[in-house]
Amino acid sequence: GIQVEQSPPDLILQEGANSTLRCNFSDSVNNLQWFHQNPWGQLINLFYIPSGTKQNGRLSATTVATERYSLLYISSSQTTDSGVYFCAVGPYNQGGKLIFGQGTELSVKP
Amino acid sequence: KAGVTQTPRYLIKTRGQQVTLSCSPISGHRSVSWYQQTPGQGLQFLFEYFSETQRNKGNFPGRFSGRQFSNSRSEMNVSTLELGDSALYLCASSLGVVDEKLFFGSGTQLSVL
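Going down the list, the sequences are from chains A and B.
Using our numbering, read the first sequence as starting at 4 and increasing by one per residue.
Using our numbering, read the second sequence as starting at 4 and increasing by one per residue.
Zero decoy hints are in this set.
What follows is a set of in silico ranges between Cβ atoms, one per label pair, in the way DEER data are often shown:
1. PHE63(B) with LYS57(A): 31 to 39 Å
2. GLN45(A) with SER89(B): 16 to 24 Å
3. LEU98(B) with ARG25(A): 23 to 31 Å
4. GLY87(B) with TRP43(A): 20 to 28 Å
5. GLY61(B) with ASN33(A): 16 to 24 Å
Subject to a maximum C-alpha distance of 27 Å in a straight line, what follows is the list of computed DSS-like cross-link-like pairs (lysine-lysine):
6. LYS57(A) with LYS104(B)
7. LYS57(A) with LYS4(B)
8. LYS104(B) with LYS60(B)
9. LYS104(B) with LYS4(B)
10. LYS60(B) with LYS16(B)
No lab work stands behind these hints, which were simulated from the structure alone.
Given the structure is predicted, the values throughout are model-derived calculations rather than measurements.
Every residue gets a Cβ at the ideal spot worked out from N, C-alpha and C, and that includes glycine.
Please model the entire structure based on the sequences and the hints provided.
If you want it as structure tokens, here you go:
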């Protein structure tokens with residue numbers, strides 16, 4: 004099956020710093036999403052981005068499908084950005100099934 | 004628009020019992036997926052239902068089952084509970100046709116003693 008690798012596994016930032024999270028996947032997919040899991044366990048969908056670039060406020064994401072990777076950029080980080088960031092990919096013709104990476108745990112210090 | 008609603012929020016059961024978890028999707032969403040999250044295995048796909056039919060299934064034993072009703076609400080059942088079934092169970096909904104963007108509920112934290 005498809006393997007999803009995220010890096011780095013852990014990241015500690017000072018408030019205001021920028022960061023880049025990476026997601027590599029082992030096969031072609033038609034669905035790629037980024038999620039943020041807050042300390043209470045809620046998974047928030049940040050981006051649906053099977054290819055191309057999207058921006059939402061301080062966050063942006065780029066997926067290069069032909070090279071099988073995606074990047075999530077966080078600029079001017081805030082303490083509320085803390086939590087775990089997951090990349091998840093969907094194999095072709097498998098509907099809503101997503102395969103998740105192990106996540107990047109981000110801690111933003113004031 | 005209301006989000007995905009999961010009940011109950013917490014459950015404590017003993018080995019051998021069975022449990023039923025409930026999920027109400029976002030209005031208009033026809034696909035409901037279930038995921039198990041544990042510290043060791045991370046987030047794993049259980050199954051997906053679309054228009055009352057199971058569309059996809061993960062690699063879990065037959066003790067894990069689900070169903071979807073005509074109003075798109077879904078239930079998940081785990082029979083003969085084992086200690087290893089202790090986990091956060093997350094439900095997600097999507098339109099299920101072209102746009103497969105998933106929206107998750109807050110989850111049910113199941114503890115098996």
